[in-house]
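Colleague: Using the hints, position chains P and X against chain B.
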Amino acid sequence: MNPDIDTRTAATAPASGRFQRLEEKREATTPSAAGAKRVRLKGLHAYYGAEHAVKGVDLDFEPGKVTAMIGPSGCGKSTLVRCINRMHEEIVGARAEGEVLLDDLDVYAPEVDVVAVRRVVGMVFQKPNPFPTMSIFDNVAAGLRLTGARGSSLTERVERSLRAAGLWEEVKDRLRSPGIGLSGGQQQRLCIARTIAVEPEVILMDEPCSALDPVATLKIEELISELKLRYTIVIVTHNMQQAARVADKTAFMLSGEMVEFGPTNTIFTKPDDPRTEQYVTGKFG
Amino acid sequence: MAVEAPPSPVVPNGRSVLERPLAARLPDRLLKWTLTALAAGILVLIAFFFIRLILEADPALSRFGVFGFAFDGNWDVSRSIYGAMPLVAGTLITSAIALLIGVPVAIATAVFVTELCPRRLRGPLTITVELLAAVPSVVYGLWGVFVLVPHLKGAEQWFGRTFDFLPFVGPDVPGPNYFIAGLILAIMIVPIVSAISREVISTVPVEQKEAALALGATRWEMIRTAVLPYSRSGITGAAMLGLGRAIGETIAVTLVIGNAPVIGHTIFSQGYTLAAVIANEFGEAANNELHRASLIAAGLVLFVLTLLVNVAARAFVVRGERGRRGGASAPLTATAGAGV
Amino acid sequence: MGAAAIIPPLSSRRRRTDKAARGLLAAGTLLAVIPLVLVLYYLIEKGAGAISWHFFSTDPTGSFLGDPGGIKSALLGTIEMVALATAVAVPIGIGVALYLVEFGRGGRFAGVVRYFVDVMTGVPSIVFGLFVYITLVIGFGGSGYAGWKGSVALGLLMLPVVIRSSEVVLLLVPDALREAALALGAPRWRIVARIVLPSALPGLITGSLLAVARAAGETAPLLFTSAVVFGTTFSLNGRMNSLPIQIFNDVGQAQDRLVERAWGSALTLVALVLVLTLIARLFARRSRFS
Chain B
16 MNPDIDTRTA ATAPASGRFQ RLEEKREATT PSAAGAKRVR LKGLHAYYGA
66 EHAVKGVDLD FEPGKVTAMI GPSGCGKSTL VRCINRMHEE IVGARAEGEV
116 LLDDLDVYAP EVDVVAVRRV VGMVFQKPNP FPTMSIFDNV AAGLRLTGAR
166 GSSLTERVER SLRAAGLWEE VKDRLRSPGI GLSGGQQQRL CIARTIAVEP
216 EVILMDEPCS ALDPVATLKI EELISELKLR YTIVIVTHNM QQAARVADKT
266 AFMLSGEMVE FGPTNTIFTK PDDPRTEQYV TGKFG
Chain P
885 MAVEAPPSPV VPNGRSVLER PLAARLPDRL LKWTLTALAA GILVLIAFFF
935 IRLILEADPA LSRFGVFGFA FDGNWDVSRS IYGAMPLVAG TLITSAIALL
985 IGVPVAIATA VFVTELCPRR LRGPLTITVE LLAAVPSVVY GLWGVFVLVP
1035 HLKGAEQWFG RTFDFLPFVG PDVPGPNYFI AGLILAIMIV PIVSAISREV
1085 ISTVPVEQKE AALALGATRW EMIRTAVLPY SRSGITGAAM LGLGRAIGET
1135 IAVTLVIGNA PVIGHTIFSQ GYTLAAVIAN EFGEAANNEL HRASLIAAGL
1185 VLFVLTLLVN VAARAFVVRG ERGRRGGASA PLTATAGAGV
Chain X
1028 MGAAAIIPPL SSRRRRTDKA ARGLLAAGTL LAVIPLVLVL YYLIEKGAGA
1078 ISWHFFSTDP TGSFLGDPGG IKSALLGTIE MVALATAVAV PIGIGVALYL
1128 VEFGRGGRFA GVVRYFVDVM TGVPSIVFGL FVYITLVIGF GGSGYAGWKG
1178 SVALGLLMLP VVIRSSEVVL LLVPDALREA ALALGAPRWR IVARIVLPSA
1228 LPGLITGSLL AVARAAGETA PLLFTSAVVF GTTFSLNGRM NSLPIQIFND
1278 VGQAQDRLVE RAWGSALTLV ALVLVLTLIA RLFARRSRFS
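From first to last, the protein sequence lines are chains B, P and X.
Residue numbers 16 to 300, in the working numbering, belong to the letters of the first sequence in order.
Residue numbers 885 to 1224, in the working numbering, belong to the letters of the second sequence in order.
Residue numbers 1028 to 1317, in the working numbering, belong to the letters of the third sequence in order.
Simulated from the structure, these hints should not be mistaken for laboratory data.
Source: prediction; values computed, not measured.
Take these hints with a grain of salt, some might be off.
To be verified - Here's a subset of chain X near chain P, in silico, CB distances under 8 Å, partners left out:
| # | residue |
| --- | --- |
| 1 | V1066 |
| 2 | D1145 |
| 3 | V1146 |
| 4 | V1150 |
| 5 | T1246 |
What the hints assert, rightly or not - Which residues of chain X face chain B? A partial, calculated answer using Cβ under 7 Å:
| # | residue |
| --- | --- |
| 6 | I1033 |
| 7 | P1036 |
| 8 | L1037 |
Ideal Cβ placement from N, Cα and C applies to all residues, glycine included.
Next up, chain B with everything else stripped away, as it sits in the complex:
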């Protein structure tokens, strides 16, 4: 693995200063499976107006691994995850405090542009939301076109993303047909393709399968297991079996607080905290 040449970063950065940045990259990157970023939360608080939804959470998301966030409705897991790509602040009256570190860089730092953060940290939503007026091709290309990608390199990257999302074979003959013409599961994979097309380092998934049938869910879970090799994946789920199937590590939240965090196996079989044990055995939630 050559940490000097990271084609993904080079492709999304302006041409000048590329070599200077490669130098810097050597110091900044920690050796990992494919250069995906480590995400660290330090003292993260999130508010909706006066309501304190996330209360001082410290958490570590490892690259090349899937971390699941579980907990009862309203515990703050979605809110927390939306703080990582700064979507939380899009809600009127919402704000966040604390640090969200991408490899030592706080995404909330004043010199960091929120739009740039979202390029590096992608998100897949609960309800598949392909752009209804766009074709399958245009949906995947949407993010790429924002940075001016065009022509054959664009087509190539769209194909690559669709393959990585496991959708290529099913749609390669109808790339120009509308994105919403696909089934629910296919639409979600289309959204995943759209997200990975812009080559993020981190992928956040907010209950990505809750609107899908079991067969589609399984396909996406397989996809997640493939994708984790190249990205840092955080998945919010209310389905504990899913967490057990898909996640390497699991964090359990309750009422805005992080109760317990550890390898998935441990959380589900020998949790430390009694509250965790009650939740995973279905006593509430």
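Modeller: Showing chains P and X alone in chain B's frame:
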């Protein structure tokens, strides 16, 4: 084990207690039939007026033929020749100018108010734009004649001289002209186009906008990717409703268009519209049957034109709502408030 | 630091486009607001001077020389004609809306009616004037111009507006209320009278007031229905003056004093319309279900 139905309760005079006496049912029946009759009456009224219009316009239509009337380029009162082409042309020219100026402004306002402006400003801005609709047409006309016409003359002449090479542009600027009429019409249609566009834009699902933002789009890119394409049909419908309004506007136009029954050569020429001719010449046409019939025929053309535009417009707005809730279309109810 | 390596910054072109687009949209909004400011400014600047007690208490004299008079007959005429139009259009309009919501909901007939009412909202006001002219002025009665005929034209104008806005308001009354009353055995007419109408009342008033404001400002329908006359007439049976018509006529004159009167009348008319609109909005705020 079969369960037997309980015996139905019977009252001494043989009727079941569950039946309501006639006296109690009557008011309901009466109410229902009265209201239904009212509703039906609306349809009858519209049909009736349409037929009467045709009948009264008949002297002119039979004299010139329907197409002769509509497409003849001469409206000459003194020689009793009535061709509506200059009127139709003037109507279309002023409406086109109104759309070109008013629709972009209205859409910009709608987008700004729903997506960009700070929350506190939203209410005041909305009300301000709606107040534009409250100003009566004759007041716009008055203002147009005594404020716009004199004050814009210099600018119009400059524009006409500088851009003389463009088609339809020339340096001659008599006071009132197509452009001023179009400009006032633009001001008058901004409220309706903006109100409906605003409604349509505010129904863009939040998931669409989030999808765009999550890809790393700037605010404008999000609007361009998720909001505007989604609202395309609805906004087109809004623009068409604005067109309908512009076509039918009478008083403000007749005061600032010069009322010349010719097709002008430049946007700064004087002209006439269907609505303006009716308002203007009705007085003198009172005793001249052909003239009067021609004016009514012009009214018929105007009526049909606005009907067609409105029907098409509503189809667009409803199409933009396809797949969402049924019942009274939300954007169209905005028209009720804006008084169109 | 390696900030740029970790999070590649936004290209300056995109940042500039974003700023420019936002600026353009704000500018467009400003463009929409400016005419209103200008109209109000000139109205006040040129019209305030004409306002006086004399202005409201004398009739226009119709003479070119000397005192042009005030607008008394115009103001009274507007009030009378609009009042009559309202008295007819509002009950009928609310009635049709009641039909659409209470009895015809979902039916095909109701759908057809609603569609045509919608289409009616787009008909130009001058066409309504023509309708009335054809049927009432030269038609059966053939009796010529009259104030009440102007009212009919205005009423036709108000009707679709009242129907549509009332329908929206009536639909907002929760079905749960109706169903609860039905379950208790209440007859339809009582539900309408005791539950639906009272709940919807503020909204209905708002819609009606907005229609009234609209009608008060209309000129075209009155041109050949009530026509114009200078003296104050209380009888709706003959020609009647009105504010919009008075303004329209004065604008056409080349005389300074008449033009000044036109500005004063316009200011009065706009003030009237604004007050009605404001009251309507106040009622909208008090509506329970908006």
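Colleague: Per the CB criterion, is V1066/X less than 8 Å away from chain P?
Modeller: holds, 5 Å
Colleague: Double-check P1036/X for me: the hint is only fine if its C-beta lies closer than 7 Å to a C-beta in chain B.
Modeller: holds, 5 Å
Colleague: Next item in the hint list is V1146/X. Is there a CB on chain P closer than 8 Å to its CB?
Modeller: holds, 5 Å
Colleague: Minimum Cβ distance from I1033/X to chain B below 7 Å?
Modeller: holds, 4 Å
Colleague: Is the interface hint for T1246/X satisfied, with its Cβ closer than 8 Å to some Cβ of chain P?
Modeller: holds, 5 Å
Colleague: Are L1037/X and chain B close enough, Cβ to Cβ, to be under 7 Å, as the hint says?
Modeller: Holds. Min distance 5 Å.
Colleague: Min Cβ distance, D1145/X to chain P: is it shorter than 8 Å?
Modeller: Where the cut-off is 8 Å and the nearest Cβ of chain P is about 6 Å from D1145/X, the hint holds.
Colleague: Could you check if V1150/X really has its C-beta closer than 8 Å to a C-beta on chain P?
Modeller: Since chain P brings a Cβ to about 6 Å from V1150/X, closer than 8 Å, the hint holds.
Checked against the numbered hints above, the structure breaks none of them.
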